[in-house]
Each structure stands twice: as C-alpha cells, then as structure tokens.
Amino acid sequence: MDGRLDGTERKQKSVVIQEGWPGYNLELFNYPEHYHGDIENVYIPHGVIMDRIESIARDILEDLGQHTLMVLCVLKGGYKFCADLVDSIKAQSRSTNCPLTVRVEFIRLKSYLNDRSTEDLHITGPDDLSVLRGKAIVGTGKTMMSLLKHVVTFQPKTIKVAGLLVKQGPNGAAMLPDYVGFVIPNHFVVGYALDYNEYFRDLDHICVISEKGKLKYKV
1 MDGRLDGTER
11 KQKSVVIQEG
21 WPGYNLELFN
31 YPEHYHGDIE
41 NVYIPHGVIM
51 DRIESIARDI
61 LEDLGQHTLM
71 VLCVLKGGYK
81 FCADLVDSIK
91 AQSRSTNCPL
101 TVRVEFIRLK
111 SYLNDRSTED
121 LHITGPDDLS
131 VLRGKAIVGT
141 GKTMMSLLKH
151 VVTFQPKTIK
161 VAGLLVKQGP
171 NGAAMLPDYV
181 GFVIPNHFVV
191 GYALDYNEYF
201 RDLDHICVIS
211 EKGKLKYKV
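Under UniProt numbering, think of the first position of the sequence shown as 1, with each following residue one higher.
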C-alpha cells in the first residue's frame with residue numbers, strides 16, 4: 001500500500017475533529033479586534049478550510065466529469081463555502097482540455113433546526129435544466145431530505161451534496177453529504193460566514209464562540 005486514495009475512497013473521507021479538541025490559541029492568529037474576548041479559540045484555521053475545499057473540488061470534478069454543473073448555494077451561512085468551492089472547481093477545470101460549465105443559483109431559507117453547519121447542493125443536468133432553489137443543512141438531516149425530495153422532481157442527471165461541516169450528534173446525521181469537509185463535535189461555531197445573530201460572519205477562521213460572546217450579542 002502506498003497510502004494514496006482513489007476517488008471513491010477519498011470522497012468517503014473527511015477530517016474528523018474529536019471531542020476534546022481545544023482548538024488553536026487565539027494569539028497565533030489575526031482576527032478582528034472587536035471580537036476580542038468573544039471567541040474561545042480558532043477551531044479550524046482559514047488555510048486548512050481552503051485546502052480541504054480544494055480537495056472537495058477535485059473529487060467533484062473526478063466524479064461528475066464534463067456535465068454542466070448547477071450549484072445551489074444556501075444563504076447566508078453557505079455563501080463563502082460556495083464561492084470558494086466554485087472558484088476552485090473552475091480553476092481546476094481550466095487546467096483540463098474540457099473545462100466544466102458551472103452555473104450558480106442562491107437560496108435563502110430559514111431553518112429552525114439550530115444547526116450551524118453549511119453546505120451546498122450540486123445538480124448536474126442538461127443545459128436547459130430549470131433553475132432550482134433549495135437548501136440542505138447537515139445535522140439531523142431533515143432539511144436536506146426535504147429539499148432532495150423536491151430536487152428529484154426536476155429529474156437532474158445527478159444530485160450531489162457537499163457539506164463543509166457535519167456536526168456529530170447523539171444519533172449521528174440522518175443522511176450524510178456526498179462530500180464532507182469536516183466532522184466536528186456539537187459546538188457552536190462561528191466565522192467563515194457562520195454567524196451568531198448576524199455577527200462573526202467577517203471572521204476568516206471557524207471559531208468557537210465564548211459565553212461572553214453569546215451574552216454580548218444575544219438578541
């Protein structure tokens with residue numbers, strides 16, 4: 001065994017962060033001064049996020065080939081993940097002889113699942129595929145399942161779900177994405193477009209909010 005993973009094995013893998021991981025010391029990173037005292041640690045640094053997204057983009061290209069790719073991005077928490085993922089897909093696609101055609105659509109849908117993970121739904125289909133708006137949140141998996149039931153009515157060639165974060169729960173997620181960035185304990189994380197009452201979206205890193213931060217920005 002040379003330690004390398006083929007495409008099938010790779011997409012089944014994710015970075016798993018175990019319970020008890022203390023994160024990185026805040027003094028090692030730059031972050032907005034107005035959040036001093038409001039976050040406990042840097043849980044996933046921005047550079048690690050970007051590297052993982054590049055790997056997910058590579059797997060998507062390997063699996064979907066040269067089909068037209070329709071990307072449905074969940075707002076607001078999913079917009080940075082979506083933008084960076086699409087940019088990486090396009091960049092890697094341009095290095096091939098047959099660049100992939102990528103179209104993006106956005107959806108805003110309120111969820112009451114109190115789940116702070118973020119993900120995007122990817123649909124491949126013919127050029128005349130109708131634009132579909134949808135949302136999927138990894139946690140209990142209920143919202144994602146409801147959306148997928150709607151998506152299949154459009155009869156796309158392939159449906160794939162990519163989740164940057166999947167939270168570990170008592171019973172696990174009811175349905176896992178096809179592509180997973182990180183599996184994390186059930187902590188309240190913010191940053192990289194994930195918010196707490198519309199704050200912390202401007203953090204580049206994914207961080208764990210402190211009790212002081214929760215009280216400070218409580219509505």
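Don't read these hints as lab results, they were simulated from the structure.
Keep in mind it's a predicted model, so treat the numbers as computed, not measured.
Don't take every hint at face value.
No farther apart than 20 angstroms at their CA atoms in a straight line, the calculated lysine to aspartate or glutamate pairs in the DMTMM-like style are these [said to hold, decoys possible]:
hint	residue 1	residue 2
1	K212	E40
2	K157	E33
3	K214	E33
4	K13	E33
5	K90	D63
6	K214	E40
7	K216	E40
8	K13	E27
9	K160	E40
10	K76	E198
Ranges between beta-carbon positions, derived for each pair [stated by the list, open to error]:
hint	residue 1	residue 2	range
11	P99	K149	30 to 38 angstroms
12	E62	F106	24 to 32 angstroms
13	V219	N97	49 to 57 angstroms
14	P99	K212	43 to 51 angstroms
15	H36	T158	41 to 49 angstroms
16	G20	Q155	28 to 36 angstroms
Quick reminder that beta carbons are idealized off the backbone N, C-alpha and C, glycines included.
Outcome of the hint check:
Between the alpha carbons of K212 and E40 the distance comes to roughly 9 angstroms, so the proposed pair stays at or under 20 angstroms and holds. For a cut-off of 20 angstroms, the pair hint linking K157 to E33 is broken: about 47 angstroms separates their Cα positions. With a CA separation close to 17 angstroms, the supplied pair K214 and E33 stays within the 20 angstroms bound. Restraint check: the Cα-Cα separation between K13 and E33 comes to about 36 angstroms, which exceeds 20 angstroms; the hinted pair is violated.
A distance of roughly 15 angstroms separates the Cα atoms of K90 and D63; the hinted pair therefore holds under the 20 angstroms criterion. The straight-line distance between the Cα atoms of K214 and E40 is roughly 11 angstroms, inside the 20 angstroms bound, and the hint therefore holds. Pair hint K216 plus E40 holds up; C-alpha atoms about 14 angstroms apart against a cutoff of 20 angstroms. Under the criterion of a C-alpha separation no larger than 20 angstroms, the hint pairing K13 with E27 is inconsistent with the structure, at around 31 angstroms.
At most 20 angstroms may separate the alpha-carbon atoms for a hinted pair to count; K160 and E40 exceed this at roughly 34 angstroms. Between K76 and E198 the alpha-carbon distance is near 9 angstroms, which keeps this suggested pair within the 20 angstroms criterion. A hinted range of 30 to 38 angstroms holds for the C-beta pair P99 and K149, which are about 32 angstroms apart. Here the CB-CB span from E62 to F106 is close to 26 angstroms, well matched to the stated 24 to 32 angstroms.
Distance hint check for V219 and N97: the Cβ-Cβ separation is about 52 angstroms, which falls inside the suggested range of 49 to 57 angstroms. A hinted range of 43 to 51 angstroms holds for the C-beta pair P99 and K212, which are about 48 angstroms apart. A hinted range of 41 to 49 angstroms holds for the C-beta pair H36 and T158, which are about 46 angstroms apart. Evaluation of the 28 to 36 angstroms hint for G20 and Q155 yields a failure: the beta carbon distance comes to about 45 angstroms.
Hint compliance for this structure: hints 2, 4, 8, 9 and 16 are broken, all remaining hints hold.
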